[in-house]
Structure formats: structure tokens, C-alpha cells
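Spelled out, the chains give:
Number of protein chains: 2
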Amino acid sequence: MAFEITNEFLENLVGFIDKKNDSKIKNIFEDVHFADIAEVLDEVSFDEAIYIIKLLDSEKTSEILTELDEDTREKILENFSAKEIANEVEEMDSDDAADIIGELSEERQKRVINELEDTELAEDIKELLSYGDDTAGSLMAKELVKVYETWTVAGCMRRIRGQAQEVTRVHSIYVVDKGDRLVGRLSLKDLIVAKSDQKIADISKAKVDAVNVNEDDETVARIMVKYDLEAIPVVDDNNVLLGRITIDDIVDLLKEEADKDYQMAAGLTQDVDSDDSIFELTKARLPWLFLGLIGGVGAFIIMEGFQDVFSKYASLFFFTPLIAAMAGNVGVQSSAIIVQGLANDDVKGSINSRLLKEMLLAALNGVILALFLFLFVWVYEGKIDLALAISVSLVVVIIIAGLIGTFVPLFLNKRGVDPAIATGPFITTSNDIFGILIYFMIAKMILGI
Amino acid sequence: MAFEITNEFLENLVGFIDKKNDSKIKNIFEDVHFADIAEVLDEVSFDEAIYIIKLLDSEKTSEILTELDEDTREKILENFSAKEIANEVEEMDSDDAADIIGELSEERQKRVINELEDTELAEDIKELLSYGDDTAGSLMAKELVKVYETWTVAGCMRRIRGQAQEVTRVHSIYVVDKGDRLVGRLSLKDLIVAKSDQKIADISKAKVDAVNVNEDDETVARIMVKYDLEAIPVVDDNNVLLGRITIDDIVDLLKEEADKDYQMAAGLTQDVDSDDSIFELTKARLPWLFLGLIGGVGAFIIMEGFQDVFSKYASLFFFTPLIAAMAGNVGVQSSAIIVQGLANDDVKGSINSRLLKEMLLAALNGVILALFLFLFVWVYEGKIDLALAISVSLVVVIIIAGLIGTFVPLFLNKRGVDPAIATGPFITTSNDIFGILIYFMIAKMILGI
Numbered sequence: 009m010a011f012e013i014t015n016e017f018l019e020n021l022v023g024f025i026d027k028k029n030d031s032k033i034k035n036i037f038e039d040v041h042f043a044d045i046a047e048v049l050d051e052v053s054f055d056e057a058i059y060i061i062k063l064l065d066s067e068k069t070s071e072i073l074t075e076l077d078e079d080t081r082e083k084i085l086e087n088f089s090a091k092e093i094a095n096e097v098e099e100m101d102s103d104d105a106a107d108i109i110g111e112l113s114e115e116r117q118k119r120v121i122n123e124l125e126d127t128e129l130a131e132d133i134k135e136l137l138s139y140g141d142d143t144a145g146s147l148m149a150k151e152l153v154k155v156y157e158t159w160t161v162a163g164c165m166r167r168i169r170g171q172a173q174e175v176t177r178v179h180s181i182y183v184v185d186k187g188d189r190l191v192g193r194l195s196l197k198d199l200i201v202a203k204s205d206q207k208i209a210d211i212s213k214a215k216v217d218a219v220n221v222n223e224d225d226e227t228v229a230r231i232m233v234k235y236d237l238e239a240i241p242v243v244d245d246n247n248v249l250l251g252r253i254t255i256d257d258i259v260d261l262l263k264e265e266a267d268k269d270y271q272m273a274a275g276l277t278q279d280v281d282s283d284d285s286i287f288e289l290t291k292a293r294l295p296w297l298f299l300g301l302i303g304g305v306g307a308f309i310i311m312e313g314f315q316d317v318f319s320k321y322a323s324l325f326f327f328t329p330l331i332a333a334m335a336g337n338v339g340v341q342s343s344a345i346i347v348q349g350l351a352n353d354d355v356k357g358s359i360n361s362r363l364l365k366e367m368l369l370a371a372l373n374g375v376i377l378a379l380f381l382f383l384f385v386w387v388y389e390g391k392i393d394l395a396l397a398i399s400v401s402l403v404v405v406i407i408i409a410g411l412i413g414t415f416v417p418l419f420l421n422k423r424g425v426d427p428a429i430a431t432g433p434f435i436t437t438s439n440d441i442f443g444i445l446i447y448f449m450i451a452k453m454i455l456g457i
Numbered sequence: 009m010a011f012e013i014t015n016e017f018l019e020n021l022v023g024f025i026d027k028k029n030d031s032k033i034k035n036i037f038e039d040v041h042f043a044d045i046a047e048v049l050d051e052v053s054f055d056e057a058i059y060i061i062k063l064l065d066s067e068k069t070s071e072i073l074t075e076l077d078e079d080t081r082e083k084i085l086e087n088f089s090a091k092e093i094a095n096e097v098e099e100m101d102s103d104d105a106a107d108i109i110g111e112l113s114e115e116r117q118k119r120v121i122n123e124l125e126d127t128e129l130a131e132d133i134k135e136l137l138s139y140g141d142d143t144a145g146s147l148m149a150k151e152l153v154k155v156y157e158t159w160t161v162a163g164c165m166r167r168i169r170g171q172a173q174e175v176t177r178v179h180s181i182y183v184v185d186k187g188d189r190l191v192g193r194l195s196l197k198d199l200i201v202a203k204s205d206q207k208i209a210d211i212s213k214a215k216v217d218a219v220n221v222n223e224d225d226e227t228v229a230r231i232m233v234k235y236d237l238e239a240i241p242v243v244d245d246n247n248v249l250l251g252r253i254t255i256d257d258i259v260d261l262l263k264e265e266a267d268k269d270y271q272m273a274a275g276l277t278q279d280v281d282s283d284d285s286i287f288e289l290t291k292a293r294l295p296w297l298f299l300g301l302i303g304g305v306g307a308f309i310i311m312e313g314f315q316d317v318f319s320k321y322a323s324l325f326f327f328t329p330l331i332a333a334m335a336g337n338v339g340v341q342s343s344a345i346i347v348q349g350l351a352n353d354d355v356k357g358s359i360n361s362r363l364l365k366e367m368l369l370a371a372l373n374g375v376i377l378a379l380f381l382f383l384f385v386w387v388y389e390g391k392i393d394l395a396l397a398i399s400v401s402l403v404v405v406i407i408i409a410g411l412i413g414t415f416v417p418l419f420l421n422k423r424g425v426d427p428a429i430a431t432g433p434f435i436t437t438s439n440d441i442f443g444i445l446i447y448f449m450i451a452k453m454i455l456g457i
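For the record, the sequence lines run as chains Y and H. With the first letter of the first sequence counted as 1, position 22 gets the number 30 in my numbering; the numbers rise by one all the way through. With the first letter of the second sequence counted as 1, position 166 gets the number 174 in my numbering; the numbers rise by one all the way through.
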């Protein structure tokens, strides 16, 4: 737990690299976890990172490579030959190996796979690469401990000793019939507690949760989280056992999903972090800002259309930022609740009942807020008709903003589009325009102009 | 995997409850996972839920109770006597038991603990309740498999058979010295692969990650995710083994954190979901809307101060929604990147270098956007001085909005306040006001009025 990247550590490290003092470098990384080494590589220059990776044992570097973020890894692997990548990959679990090879160009993928000495791993990787991007197959690893239902506990223990060497973590032992179809599971604990002459079929649990290899990865995540599973077996359409998915990959997936939703809500079109280049960051930020610009131009055109009102009721114009802000805030609040509900699978009832509820809610909020605004305008401007016009419009704008915020994500979800899009500048921008339009129309009506 | 709550299922269930056909009710829940039963309870009326819970075996209902959301559980437990709660709790792991007892009033806590027949569990629960809310101690369970370093593999296997019965999942076996201090760990796999007369000290790994019982829970989550751990032992200041934390609790914690950040960004002050009452939802939404209202009034006062400009340059006023929207969007984008970076612990470098980078980035985005706006205003309004004034102001507003969005979360974080607050309506509202003020000041200056 204790490792922390200090300036002193980095200075020492860079000094050793300058002097090519390889034994010292190996020495300071001796007891450091590969996840920490991956972080160190992010702190040093690119050439230094390459130097370190090439120096350390492939047993360690293969783990480091899986921990690096994609951009850094890609750049580092460009400096590796196909043979060197193959050597790293042979130390990895099949799922990590497939992920990393999948990031290479197609031509390089073939060359690396050809260089693999472990032909079984090569076959496994080819199989894993064949599954679609967001499927259970893309998450699974081929390594697992498998026993036949006809075996005895003693025979099973003997075989497991062999298989377990290759499997980093044994969560469950999967029981298959002679056609390799999944028929049950047992835990190492069950095996230890059982008598050695018992049949596997008698001590295994027949009820075993499994997912189809083509199942959507987010569904797999939801199942594993809901049922508190640490690993889940993956089967094909005939129930033949193909691999297993472990919870650590699901944790990563959930984190990515949460980050993506958050960024979408903040108006970032792609996964960026604060250390990315200005060019990358601009690419992520500019599209939504353009949308905002277009929305602003729309608002301009609407306001210009109402400019004859200015001579009599100039104050109406000074409240447009307030109206726009409220429409935007209410829209984001209501869409965020729906988006989260959809993600957690707990949005029940019809769209109509949702909209009715949101209407009541927005009306309640709107009336409370409008009351304060009414008092302010009345006292400050001394015109009760203006105060009334502005407050009534505010209530209507808030209700409509709430309805749009509720409807849009539900509609997108029905159409198979990720509803999280709806929480970002999309809702704010459209609500700005609608809000300002409705505001002026209602105000004009009430004021009789 | 196959269970889904259908209308038919619910109709049958409610029919059986009406007729008090207990055997049929037990029957339809026979093969249903407790996580699914918890969802069913959310779909039926409160009285029906109570009826079902009281009917099923406590082995099953104890699991169902842990799966329910806090509100529903609280309401159900109000209908339980202290003795009934104690019966449920005795079937639970110590961490779940402590969580559920912790939700009761202090007086009820004592009564339930007094009713527990398992005095060891009672002691464990008292200990777990004594740890602070956001600490490792509040996440850990007391159940674990512990062996002494002086034992042999065979002796160990014998003892483990006993201990393992109580532990739902054996991730690691923790090795302690005679003072119960943590000195190593081994996996069940290591034990199976070892020879039966080997000493535990010889086959265990001396390097074992552990966290202090007072460590912050989010730090524990970060460690477990970073190092891909499925369980981590918890020790006191003297390295005495107290309990262990498993990854399923961390998954729940991460989900809660992500939800909280997302809701904060959307302007919701507390954890709500779409099925909450209108009153609950109003409580979560209204405070931020009030902030927006106050911001809007601020914008009104600023614009009113510039109203003499209207006769000559009315269009300036029609662009305020655009300026406010851009200031808000840029602010949220830049703060979201910082907030996420802080959460992932990868914001490096000084505040000044961050601000400089954001300034360059915002300037780049601003100039591109301003160019388009310049052309639009020039062509549409035919006034080049107006076009220039509006575009230059836009660039300045975007830069300042970006700086505020970067600075505020970094500042809050330094002060120990959750920086996620900064992404919500807080940034939008303050940027609205600043943006509009700066816009009019610069435009006035350029237009010489």
C-alpha cells in the first residue's frame, strides 16, 4: 500500500536511466506493484518509459502493459517488434492478450499472432477477437477450471492442481457434461469440505447463472452486480462452456460507463482527461459549443422578433437570462433522473404517467419560484401587470422544460439511442430557445401588446 | 438469469395473497433469487410486501432485506419486533447485519442486539457500529478464514473446513502470528497445490496488501480497483487482523459515488430516484433552482444597468442568452474534466499550469466560435463594429468561464470540499452573471459608448 511516487524516486530513476545503471533500475522496481509502475511510466519521458519496459522481465512488463492507458500503450507498442509483443502477450491472460492485440492494426495483429509460440493461446485470441465489441465474448477470458460431472472429488483435486496453475484466480469450478455443456458449478470450498470418494455430480450445484457469449456487456454487468457475482461463465447457444467473465473487468466497465455518462452530461463528446492535448480536448468540447452557438443565434432571432415590446416593457428583456437558466436547469434535472433510472432499470410505468408526474412536480416548483419572482418584480419595478406576466410565463416555461427533459430521454431510449445524450447541452440549448419563445409569447398575451 | 417480473406473475402473486394461499406463494418464490424477490416487493403494495416477508424463511428474507433499498427496508422493519429483526440479522454476514442495525434508532439498536442469541455476532456488530461512517471499518465484515503461521497444510485444511462454513466466499486465507497480527496470505489454490506436511509459513506470501480500519472508504475503493483486488484485509494500528472488505461492497460504493456526482452535476441536492414522491423530488430540486433564480435576478440587475445602450445597439441585448449559454457550457466542461481527474487521482502539475492550459484551450475554442459569430452578425446586421464587439466579448467570456470552471473545483478540493459541487448549477449560475457583465463592459468599450 505504501508506494507513492515522490520527486526523489523520480530523480533517482531518471539518474539511473541516464547512467544506464540497469541493475539499480531493476532494484528500485523490485517490490513495486505493476499498477504503480504503470503510473511511474506516465510520469517519465516517453524514451525513458520505453527504456524501463524493455529492461524489466516480461512477466512484470506484460502486467504493466495491461495497466497502462490505451494511448500510452499504443505509443509504446509502436516501438516493439511483432516478436516482442508476442513475448509480452504470452504472459497475459487471454482476455488481456486479446484486448491488447485488438488495438493493433489488422496486419500487425496477424503478425503478432503468428509469432506466438503457444498455439492454444493463439487460437483463444483469434476466437476472442471474433466477438463483437460490446458483447460478453469481448469481456471473457478463456482460462477457467473445468471438471466433468462423472469425476470423483479425489480425481478432481488432482486435475485441478494442473489447471489451477494457469488460472490467476479460481472463483468457481465449472462442471460440464461430456459434450462440454455447462451443467453445474462448485466452489473450491465445496471441494475441500467434501469426501474424496464423492462424485462431482453429487456435490455440485445444478443451478448456475451463465450468460450467452453474444449478450450485451452492460447487461452482463447489471446481472453480476445485481446477483453479487464475482465471476460468471459464458456459454454459446448450445450451452457449451466458452469462458468466464470476472468482476474486475466489470468494475472497469462500470467506471467507463459512469465516466461516459458524466462527460456526456457535461458536454464532452468523447472520453478525455485533463492531461490530453489541447487538440484532443478541443475535439471533445467544440461540437457541443457549436450547438450552443446555434441555439444562441436562435434565441437572438426570437428576441429580435419581439423588439417592438422594448419601448414599453424593457424589463422583459432583462429577464431572458433568468428564463433561459431556469428552463435549462429544470430540463437537466428531470432528464438526469430519467437517465439514471433507465441505467438502473427502475423506470416503471407508462410514459404518460411519467409526464403527468413531472408536470405536477414542475408546476409545484414553478409556482414556488414564481411567487418569489412576482414579489421581486412587483416591489422593484412597481408594475403588477409586468410582475404577473413574468411569473406566469416562468411557471409555464418550467413545466414545458420539465416535460421536454422527461420525454426526450424516454423517447431516445425507446428508439435505441443512449438516453444520456439528452442530459447535456442538447437539453439546455433546446430549452433555452423554447423557453425564451414561450416566455415572450405569454408575456405579450398577458400584457395585451 | 431468466426471471423477469411479468404482469401475470404479479397478478398470480396478489391473487394468492388475497386468498392467503401460503403454500402457493412459497412455491412461486421457490427458485427465485433473493435480488429478484426484492424487486418484486417494490412492485406490490406495502401490506403485501410485509405479508410475503413474514411468510418466507428467514434464510431467504435476511438476504432479501439486504437487497432492498433503504427506504423500503426501513418501512418494513418498522413492522417487525426487535426479536424478529434479531432473527433476520442472525442469518446475515456481520457487515450487512451492522448496516441494517445501524439504520435503526439507537434505542432499537440496543434492543435488537440484546435479542441476538449469537453473542459473538452481537460483539462483532457492536464493534462494526463503532467505526466512523466513511471508514474501512464501516465496510468490513468480521467473517474470514484465518490460520496461524506455525500450522501445517494438513492441520490448516482441517481447521479451514470448520471456518469456511461460516464464510460465504473464501477469497484469501489470512496468515497471522500468535498475536493475531497479519503476516501473510495464501489462496485456497495454494493450499490445494501444496504438500500436506508443509508449514503455512513456507507456502504463504509474506507481502499482503491491507488497509487500516480508519482509512477513508474511497481510498480503500481506489486501492482495490487499482490493484484488482477482490478482498482486502483490514488491520488496526498494531497490524492486528480485524476483518476483510470484499469487492461487492466496493462495487456498490463506486456506484453510489458515481450516481452522487452525476446528480450533483445535474443540480440535484440529494440522492433521489424517479419513483420518489413529489415532495422528496422537490426537496432535491428546488434549492438549485433557487440559486438559478437569484442568478437570474443578478443578470437582470446588470442588464438594467446597461439599458441606455439599447437605443443604439438593441442587438447587444438579444445576444445575452448566447453569451450566458456559452459561459455556462464552457464552465461545466472544464470543471467536469477537473472533477473527474481529481476522482481518478490523475490531476498532476500545479494549479497555475492547469489554468494556463485551460486559458489556451478556451482561447482556441473561443476564437473559432467567435469567427462564426462575427460573420453572422456582420452579414445579418450589417454592422462591423457590432460584430467585432460581440465576437471579442465572446472570446473573453469563454476564457474567463474556462478559468472559473478550472479554478473552482481545484480550490474546493484544496479546501477539503467535494469538488463535484462545482459542476452543477453553481458554475452555470455564476458564469451567467460574470459572462453577461463582462460582455456588456467589453462591448461598450469597443463600441465607444
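Hints were generated in silico from the structure; no laboratory data involved. Honestly, I wouldn't trust all of these hints.
Copies of the same chain look alike in the list, so a pair counts if it fits in one copy or across any two.
[Said to hold, decoys possible] The calculated DMTMM-like cross-link candidates involving lysine to aspartate or glutamate, where the alpha carbons are at most 25 Å apart (straight line), are:
# : residue 1 : residue 2
1 : Lys-215   : Asp-244
2 : Lys-186   : Asp-217
3 : Lys-154   : Glu-238
4 : Lys-154   : Asp-188
5 : Lys-27    : Asp-244
Each hint, compared with the structure:
| no. | hint | result |
| --- | --- | --- |
| 1 | Lys-215 with Asp-244 | within (17 Å within a copy, 40 Å between copies) |
| 2 | Lys-186 with Asp-217 | within (20 Å within a copy, 41 Å between copies) |
| 3 | Lys-154 with Glu-238 | both (17 Å within a copy, 21 Å between copies) |
| 4 | Lys-154 with Asp-188 | within (9 Å within a copy, 36 Å between copies) |
| 5 | Lys-27 with Asp-244 | neither (55 Å within a copy, 43 Å between copies) |
The structure shown violates just one earlier hint, number 5.
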